[in-house]
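From just these sequences and the hints, can you work out the full model?
Chains A and B are the protein sequences, given in the same order. So for the first sequence, full-length UniProt numbering puts the first residue at 1; every next one is plus one. So for the second sequence, full-length UniProt numbering puts the first residue at 1; every next one is plus one.
Rather than coming from a laboratory, the hints here were simulated on the basis of the structure. Keep in mind that a hint or two might mislead.
List time: in silico DSS-like cross-link candidates among lysine-lysine, alpha-carbon distance up to 27 Å [what the hints assert, rightly or not]: (1) A:267 - B:129; (2) B:57 - A:338; (3) A:211 - B:57; (4) B:110 - A:35; (5) A:157 - B:141; (6) B:110 - A:45; (7) A:324 - B:110; (8) B:129 - A:377; (9) B:110 - A:116; (10) B:57 - A:298; (11) B:129 - A:231; (12) B:110 - A:157; (13) B:129 - A:42; (14) B:141 - A:20; (15) A:369 - A:338; (16) A:20 - B:110.
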Amino acid sequence: MSGPSLMDSLFQRTLEDLIKGLRQQLIGEQAFISKALEEIRKEIKSTDLSTKSTALLKLCYLSNLHFHDMSFAAFHALEVLSSPRFPHKKIAYHAISLSFHDSTPVLLLITNHLRKDLTSTNEFEVSLSLQCLSRIANVDLARDLTPEVFTLLSSNKLYVRKRAVAVVLRVFEKYPDSVRVCFKRLVENLENYDPQILSAVVGVFSELACKDPRSYLPLAPEFYKILVDSKSNWISIKVLKIFAKLAPLEPRLANRVVEPICDLMRKTGAKSLLFECVRTVVTSFSEYESAVRLAVEKIREFLVDEDPNLKYLGLHALSIVASKHLWVVSENKEVVIKSLSDPDPNIKIESLRLVMAMVSEHNVAEISKVLVNYALKSDPLFCNEILGSILSTCSRNVYEIIVDFDWYVSLLGEMSRIPHCQMGEEIENQFIDIGLRVKDVRPELVRVARDLLIDPALLGNSFLHRVLSAAAWVSGEYVEFSRNPLEFMEALLQPRTSLLPPSIMAIYIQSAFKVLVFCLHTCFVRGGSTAGVPASASYESFDDLSVENGADSTVAHGQTCTSAPITNESIVNLLKLVELALSPLLGSHDVEVQERARNLLGFVDLIKLEALNSSGQEENDSERKGVEATKIIRLVHDAFSKELGPVSLTAQGKVPVPDGLTLNENLGDLETICGDIELPSSNTFSFGYPSEEKDVSSFSNLQIKEDSGQSNESTSLLAEHRKRHGLYYLPSGKSEVISNDYPPANDPALQGDNNDNASDLVKLTAESLVPKRKPNHSKPRPVVVKLDEVDEKPVAVKQLESRDDSLSGAVRDILFGSEDILPTSSRSNLPNSNRKGKKKQHMITQVESKENVVDDGNSSSRRRKDHSHGKERRHRKKNAEERNETDRKEKESSSNHPRRHKSRQRAEEPLKVPPQTSVIPDFLL
Amino acid sequence: MGIRFILMVNKQGQTRLAQYYEWLTLEERRALEGEIVRKCLARNEQQCSFVEHRNYKIVYRRYASLFFLVGVDNDENELAILEFIHLLVETMDRHFGNVCELDIMFHLEKAHFMLEEMVMNGSIVETSKANILSPIQLMDKAS
Chain A
1 MSGPSLMDSL FQRTLEDLIK GLRQQLIGEQ AFISKALEEI RKEIKSTDLS
51 TKSTALLKLC YLSNLHFHDM SFAAFHALEV LSSPRFPHKK IAYHAISLSF
101 HDSTPVLLLI TNHLRKDLTS TNEFEVSLSL QCLSRIANVD LARDLTPEVF
151 TLLSSNKLYV RKRAVAVVLR VFEKYPDSVR VCFKRLVENL ENYDPQILSA
201 VVGVFSELAC KDPRSYLPLA PEFYKILVDS KSNWISIKVL KIFAKLAPLE
251 PRLANRVVEP ICDLMRKTGA KSLLFECVRT VVTSFSEYES AVRLAVEKIR
301 EFLVDEDPNL KYLGLHALSI VASKHLWVVS ENKEVVIKSL SDPDPNIKIE
351 SLRLVMAMVS EHNVAEISKV LVNYALKSDP LFCNEILGSI LSTCSRNVYE
401 IIVDFDWYVS LLGEMSRIPH CQMGEEIENQ FIDIGLRVKD VRPELVRVAR
451 DLLIDPALLG NSFLHRVLSA AAWVSGEYVE FSRNPLEFME ALLQPRTSLL
501 PPSIMAIYIQ SAFKVLVFCL HTCFVRGGST AGVPASASYE SFDDLSVENG
551 ADSTVAHGQT CTSAPITNES IVNLLKLVEL ALSPLLGSHD VEVQERARNL
601 LGFVDLIKLE ALNSSGQEEN DSERKGVEAT KIIRLVHDAF SKELGPVSLT
651 AQGKVPVPDG LTLNENLGDL ETICGDIELP SSNTFSFGYP SEEKDVSSFS
701 NLQIKEDSGQ SNESTSLLAE HRKRHGLYYL PSGKSEVISN DYPPANDPAL
751 QGDNNDNASD LVKLTAESLV PKRKPNHSKP RPVVVKLDEV DEKPVAVKQL
801 ESRDDSLSGA VRDILFGSED ILPTSSRSNL PNSNRKGKKK QHMITQVESK
851 ENVVDDGNSS SRRRKDHSHG KERRHRKKNA EERNETDRKE KESSSNHPRR
901 HKSRQRAEEP LKVPPQTSVI PDFLL
Chain B
1 MGIRFILMVN KQGQTRLAQY YEWLTLEERR ALEGEIVRKC LARNEQQCSF
51 VEHRNYKIVY RRYASLFFLV GVDNDENELA ILEFIHLLVE TMDRHFGNVC
101 ELDIMFHLEK AHFMLEEMVM NGSIVETSKA NILSPIQLMD KAS
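Rendered as structure tokens:
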């Protein structure tokens with residue numbers, strides 16, 4: 001309540017006391033700080049400025065290091081600022097630059113304080129206020145203080161002048177119209193030979209040039225001079241940055257500058273400058289062969305250096321080159337690949353990026369193989385980094401670089417078995433995506449899905465659940481390509497599926513439903529008329545399979561015709577298995593699981609009668625019932641065999657809204673009803689797609705093949721599992737394959753062929769990196785379904801602040817005059833666009849992207865807008881100094897601007913522009 | 001804006017100095033410093049001094065128990081920033097005489113002032129030790 005007494009002021013704790021106390025406190029840091037804050041709040045209200053400023057200083061300390069809010073002291077800081085004593089001022093400025101921001105309410109009150117200090121004779125006061133302005137300037141401050149900054153730009157005190165130069169950047173940014181006032185003086189400072197000033201002004205221009213390089217092309221001669229003459233590495237680096245931006249815009253400039261840069265590269269001893277030269281050459285001068293070669297030489301020196309910093313930067317530079325000169329990367333591939341096993345994760349990631357940059361259609365298989373081997377050996381973090389980049393590279397542009405999808409699908413399977421793999425979601429998406437898009441790969445996809453589903457060990461890994469859900473979906477959707485659907489049923493209903501989360505469990509059950517229907521359909525509907533099925537038709541649908549599998553599958557075909565694996569007996573067992581596995585799920589707490597289980601069991605009940613009957617005696621009565629059941633099977637089968645196609649994201653928008661349907665009706669009531677029901681986080685992608693095309697015919701006559709030919713790993717796994725959980729399996733006549741122990745998710749024996757030392761890998765990749773290698777697949781790339789609207793890379797939305805535009809517009813006005821460096825043909829469009837309403841122009845200006853800056857109509861309209869804008873403001877201020885400046889410009893302005901006359905007529909008070917060359921300077925030519 | 005922020009953090013991850021060249025709320029600052037400290041302090045001597053974080057880079061260097069971390073834009077020259085850090089440490093060394101964590105703690109305002117002499121608006125304006133220190137010495141004498 002009451003202010004602090006004199007005693008309080010006398011015995012005030014200083015900042016040092018506070019820090020000491022904080023280090024020795026016994027009551028806990030937080031408690032101590034809140035006590036101190038309480039004191040500060042009291043002290044800061046004191047009328048004694050010393051007490052106040054000490055309190056403020058303590059508050060700054062707590063805010064800076066202990067994250068305590070100090071916005072409450074904003075006004076007190078202003079009070080301290082008004083003190084005549086320099087130490088108080090210093091503290092106040094410190095506090096203000098730490099805590100003020102655009103929405104600080106008292107910001108408006110500071111203008112006069114700043115103005116007073118900016119015009120002070122004490123250079124340190126001026127410096128403090130400039131420093132502060134560079135931190136807190138907003139539009140109003142920048143506008144109101146522009147005249148003061150303008151004056152200081154030519155101050156004869158270097159200490160003040162360099163700060164004025166540095167602050168200009170912020171002022172321009174906030175209030176672009178100030179460019180008209182200050183720009184010329186800023187440019188004059190470019191010719192200053194004092195390194196302090198030069199460093200500041202070059203810094204400002206390098207920031208400005210980043211935003212809109214084209215506007216600064218006319219200043220190229222000045223920059224060139226600095227580049228050649230500069231003794232300071234700091235300045236050289238900044239100038240190089242400017243040229244990196246300017247050179248691509250003007251080939252003549254690039255021609256001129258490339259030699260000095262190479263000279264600098266050869267001569268300099270400073271690594272930072274050397275690296276900047278290298279970076280400039282590889283980003284902006286990549287078409288100059290000799291320069292690039294020199295840069296690459298330097299990059300190599302970096303790459304083999306002991307210092308991890310240089311190595312990292314070398315790799316980084318390589319990745320910049322990679323986009324234009326891939327040969328450079330190939331030349332250095334040994335180092336790149338060795339870096340994959342560097343102790344520094346950042347270096348590893350950088351080299352991984354490089355390796356991925358080398359991937360092409362021809363070597364994707366080999367590189368992926370090497371990387372997957374690396375992934376097996378690396379720590380989880382990097383392993384997933386590798387897998388992620390393989391996945392994203394391969395799926396780029398709708399699997400652009402993949403020719404052999406069979407290989408890719410099995411690679412996906414392999415990747416999901418890597419122990420650290422956490423990319424389940426991405427793999428899941430790609431499985432389904434490929435299934436939908438690439439018809440020809442489906443048989444292989446089903447095989448991979450089978451291998452994943454059948455392995456009971458995988459169910460224990462929660463990262464794999466997403467992959468398994470995709471595998472389950474694939475097995476249900478494309479079951480007709482399976483060699484043994486019964487195996488799928490067993491896999492989908494195996495006891496360990498209880499480890500799955502409910503959302504994925506639901507997919508398993510739905511897939512089991514599909515597989516079951518398929519089995520029943522083959523057994524009853526088609527099985528009844530086995531003889532009637534034309535042999536040729538069945539072969540046709542399996543054509544791609546038999547091509548792939550060669551001779552041994554034709555043998556299998558011979559068998560399928562004679563002995564269908566699905567007999568009535570096995571169906572009966574299958575139905576029993578379903579009942580056994582699903583009846584516990586009827587009481588599941590998850591709605592999805594429960595409902596699907598019920599569906600499936602209900603269906604089984606319907607069918608069971610017939611299945612039992614047809615296996616037993618045949619009576620007329622049950623015969624009729626059987627026909628009914630067959631009808632049901634056929635109906636359900638038809639429903640399931642409608643193919644799902646990929647659907648464009650925007651497809652929904654194309655559906656016309658039917659008459660009388662109100663979509664915007666308020667459903668607020670619903671919320672109160674369903675508010676407490678948590679939506680299941682299921683990913684039921686398989687049910688979300690509307691069916692697109694009817695393709696029933698190809699499904700109806702499929703042959704199931706005996707899987708006698710198979711004797712791979714997973715079969716033995718299954719056999720082992722069957723032995724343990726025989727109860728859940730169908731009795732089989734085949735002799736059981738004896739195999740080893742319960743297998744781990746990732747059998748180390750499988751990775752036996754991993755090369756362990758890096759040199760072998762280098763060799764291996766070296767082979768794979770040779771681009772001439774022809775892919776060794778005989779068949780052409782399968783068709784990949786694409787959706788035009790969605791699969792095209794989304795055009796990056798260009799967002800540009802209108803402020804930036806107006807800034808570069810203003811700069812361009814100063815440098816180019818009202819005439820642009822536009823080709824004459826485009827200039828003829830000007831009058832048309834000018835006639836557009838002002839409002840419209842305004843809109844265009846805001847939407848416009850930087851690329852369009854060269855575009856004539858819009859940019860000229862923007863300029864005009866700026867003119868009028870600036871004019872108004874100037875009118876308001878009537879600052880004598882500015883007027884002088886304008887007059888001077890007027891005098892200097894040359895008369896060879898054909899359009900200036902017009903603009904003068906349109907505007908009452910035409911903006912006069914300095915002559916400053918409207919064409920490219922002579923030295924460039 | 002080349003430099004976005006400069007942090008000094010001790011081995012225990014406590015901030016000893018924080019200078020931001022763009023406005024961040026306290027909560028944003030706390031989160032940012034937490035993330036950066038976790039990321040950088042875990043690295044060892046054999047690893048490089050550059051860390052990519054969000055959409056910018058952190059260039060850091062360790063001197064005794066103190067980490068100097070500078071957040072910069074992606075196209076900033078990393079090696080130049082390392083030199084800048086070194087210059088900063090040398091400057092402080094010259095002023096405090098073998099600078100240590102405590103010097104910065106107890107003279108936080110002075111350290112800020114030194115930084116302000118060197119960096120303005122995110123770009124480096126002064127690289128001469130004498131120029132940086134002369135106003136500070138003058139003020140010391142005056143007070």
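Taking the hints in turn, this is what the structure says about them:
For the proposed pair residue 267 of chain A and residue 129 of chain B, the alpha carbon gap of about 26 Å is at most 27 Å, so the pair holds. For the proposed pair residue 57 of chain B and residue 338 of chain A, the alpha carbon gap of about 24 Å is at most 27 Å, so the pair holds. With a C-alpha separation of about 19 Å, the suggested pairing of residue 211 of chain A with residue 57 of chain B holds against the 27 Å cut-off. A C-alpha spacing of about 25 Å is found between residue 110 of chain B and residue 35 of chain A, which places the hinted pair at or below 27 Å, so the restraint holds.
Note on residue 157 of chain A and residue 141 of chain B: the hinted pairing holds, with a Cα-Cα distance of about 21 Å set against a maximum of 27 Å. Annotation: proposed proximity of residue 110 of chain B to residue 45 of chain A holds, straight-line Cα distance about 25 Å (limit 27 Å). The suggested pairing of residue 324 of chain A with residue 110 of chain B is violated, with an alpha-carbon distance near 48 Å, which exceeds 27 Å. Distance restraint check for residue 129 of chain B and residue 377 of chain A: the Cα-Cα separation of roughly 49 Å exceeds the 27 Å cut-off, and the hinted pair is therefore not satisfied.
About 24 Å separates the Cα atoms of residue 110 of chain B and residue 116 of chain A, which keeps this hinted pair within 27 Å; it holds. Distance check on the hinted pair: residue 57 of chain B and residue 298 of chain A sit about 23 Å apart at the alpha-carbon level, within 27 Å; holds. For the proposed pair residue 129 of chain B and residue 231 of chain A, the alpha carbon gap of about 17 Å is at most 27 Å, so the pair holds. At roughly 23 Å between alpha-carbon atoms, residue 110 of chain B and residue 157 of chain A fall within 27 Å of each other, so this suggested pair holds.
Of the pairs offered as hints, the one joining residue 129 of chain B and residue 42 of chain A is violated, with about 40 Å between alpha carbons and a cut-off of 27 Å exceeded. At most 27 Å may separate the alpha-carbon atoms for a hinted pair to count; residue 141 of chain B and residue 20 of chain A meet this at roughly 25 Å. A C-alpha spacing of about 16 Å is found between residue 369 of chain A and residue 338 of chain A, which places the hinted pair at or below 27 Å, so the restraint holds. This hinted pair checks out: residue 20 of chain A and residue 110 of chain B have alpha carbons roughly 17 Å apart, not beyond 27 Å.
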